[in-house]
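Colleague: What follows is each chain in one-letter form.
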Amino acid sequence: MADTTTAAGTGVVFKGRMMTLTVLEVRETDGSRIASQIEAQLARAPGFFEQMPVLLSIPDAVPDLAEVSEIVRQAGMVPVGILDPGPQARTAAEAAGLGVMASPARGGSGADAAKTREPEAASADADKKASAEAQAAPVAREEPPRTPTRLVTKPVRSGQQIYARGGDLVIATSVSEGAEVLADGHIHIYGALRGRALAGATGDTEARIYCRRFEPDLVAIAGCYKVADAIEEGVRSRAVAVRLDNDNLSIELQE
Amino acid sequence: MAKIIVVTSGKGGVGKTTTAASFAAGLAMRGHKTVVIDFDVGLRNLDLIMGCERRVVFDFINVISGEANLKQALIRDKRHENLYILAASQTRDKDALNQEGVERTLNKLAEDFDYIICDSPAGIETGAIMAMYYADEALVVTNPEVSSVRDSDRVLGMLSSKTKRAKEGGEPVKEHLVVTRYAPNRVGKGEMLSLDDINDILGIPLLGVIPESEKVLNASNSGMPVAMEENADAGQAYLDLVARFLGENRPMRFTEAKKKFLDRLMGR
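Protein sequence lines correspond, in order, to chains F and X.
Numbering-wise, my numbering puts 96 at position 96 of the first sequence, and it's gapless, one number per residue.
Each position in the second sequence, counted from 1, maps to that position plus 1000 in my numbering.
Keep in mind that the hints were calculated from the coordinates and are not lab data.
The model shown is predicted, which means the values in this text are computed figures rather than measured ones.
Take the hints with a grain of salt, since some may be wrong.
Derived PhoX-like pairs: lysine-lysine, alpha-carbon spacing no greater than 20 Å straight-line [stated by the list, open to error]:
no.: 1; chain 1: X; residue 1: Lys1258; chain 2: X; residue 2: Lys1215
no.: 2; chain 1: F; residue 1: Lys154; chain 2: X; residue 2: Lys1167
no.: 3; chain 1: X; residue 1: Lys1071; chain 2: X; residue 2: Lys1108
no.: 4; chain 1: X; residue 1: Lys1108; chain 2: X; residue 2: Lys1164
no.: 5; chain 1: X; residue 1: Lys1071; chain 2: X; residue 2: Lys1033
no.: 6; chain 1: F; residue 1: Lys154; chain 2: X; residue 2: Lys1174
no.: 7; chain 1: X; residue 1: Lys1258; chain 2: X; residue 2: Lys1189
no.: 8; chain 1: X; residue 1: Lys1164; chain 2: F; residue 2: Lys154
no.: 9; chain 1: X; residue 1: Lys1162; chain 2: F; residue 2: Lys154
no.: 10; chain 1: X; residue 1: Lys1162; chain 2: X; residue 2: Lys1003
no.: 11; chain 1: X; residue 1: Lys1003; chain 2: X; residue 2: Lys1033
no.: 12; chain 1: X; residue 1: Lys1174; chain 2: X; residue 2: Lys1003
Throw the hints in and build the complete structure from the sequences for me.
Modeller: Encoded structure:
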């Protein structure tokens, strides 16, 4: 609906946000060694790094930025930009469509920080009428935050854990007993939920769980949980929505 | 190209080795050159069920460690010329299995055989992962009870994440469900899970149902895969299973409780 804000021609708004980002510092120069070391790190916390946005910090000439970002993508993470790049890496970052960022400690002074701002200023000079788009493009932090919904189409088996960091989780099949699905946002399950489902894992009390067949071990929203024993019989094996109502989990039939 | 098939379950005592032995025997009886490998290092059983325990000189671990070659370790079944066994070592443990050794052995076997059946140990540790790692297809063996079904569910998760096919992102391992020790009359009384219940939880295609049968125990004790017992119901069920695996269309048998005489008389 056209309300006052959009009517005033501000349908698109750029907002500054402070966000914590993970920086992947690469000290190694050999591509295969980088890949194997990343894999070893990931093996310690399976699923944790999935779809996680990372900033790359690499020495200038070697290794090749394109190669490193491909390795990071292969490992399931999402490279979003490069931190304090040297001239070669900067060119490569522009070519690869990655954002360029200066680390806050060096941002105030020093040649590096000045360089970081250059492309921004240059693009603004080159095209005056352009727009926020051109200005914002080289700087990753100006982009509106968007975490894609995580979609799982295979059954989630006992012993598996799936975490949708920073977003919603859609499970097209069933979640088995002994499996665990978590999301910072909502969880939708189009089959049976027999394992655990934890929505609002980082504290979002507005998060909800929707499920076509409700037979869980445990459900939780923002840390407030109910185990199978505490769930009233009337909703068992039915289609339900779970939400948080004044620190109480409310389970409603959706039929 | 040889096909590698793992027989696995998670839980112990559900009939993996019985199934591996009968499946391998069934394939061999249909004319396919088949080898069955015991991955249960330290607790070998397959040789007993195949009735070749007194002919084991070298085993799988000897081959992996280079102490013997495959020719020396492969035991040919006395009843079917297409059937071979590679026994596990009883004196070593599962740490003696290593990936390169297993891969080398499987590659070598693949040159000669049509089917390589890997009999997995119970559990989800090294031995079980080694047995499933190179598999093209999997027979997941389940009893009609909740703990067995849950363990099978866990193993299905591992098949789709821990195998070579899963890691290399190719075609996933093809999964088949084998329900063993099925007793239709106890299902009717609610003492056992039904096929529908199991399908509801695991959701993979059913390849065969093996009825609970004393013939299985008798056959094991006499060192004969039950598939070779012509007039055993379980043996026939295994032969049906093999036929389905080879692409034939056979209706499931032994899944309905026998009707009582009076019921039959009254057409119920």
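Colleague: Compare the structure with the hints numbered earlier in the document and write down the numbers of the violated ones, lowest to highest.
Modeller: none
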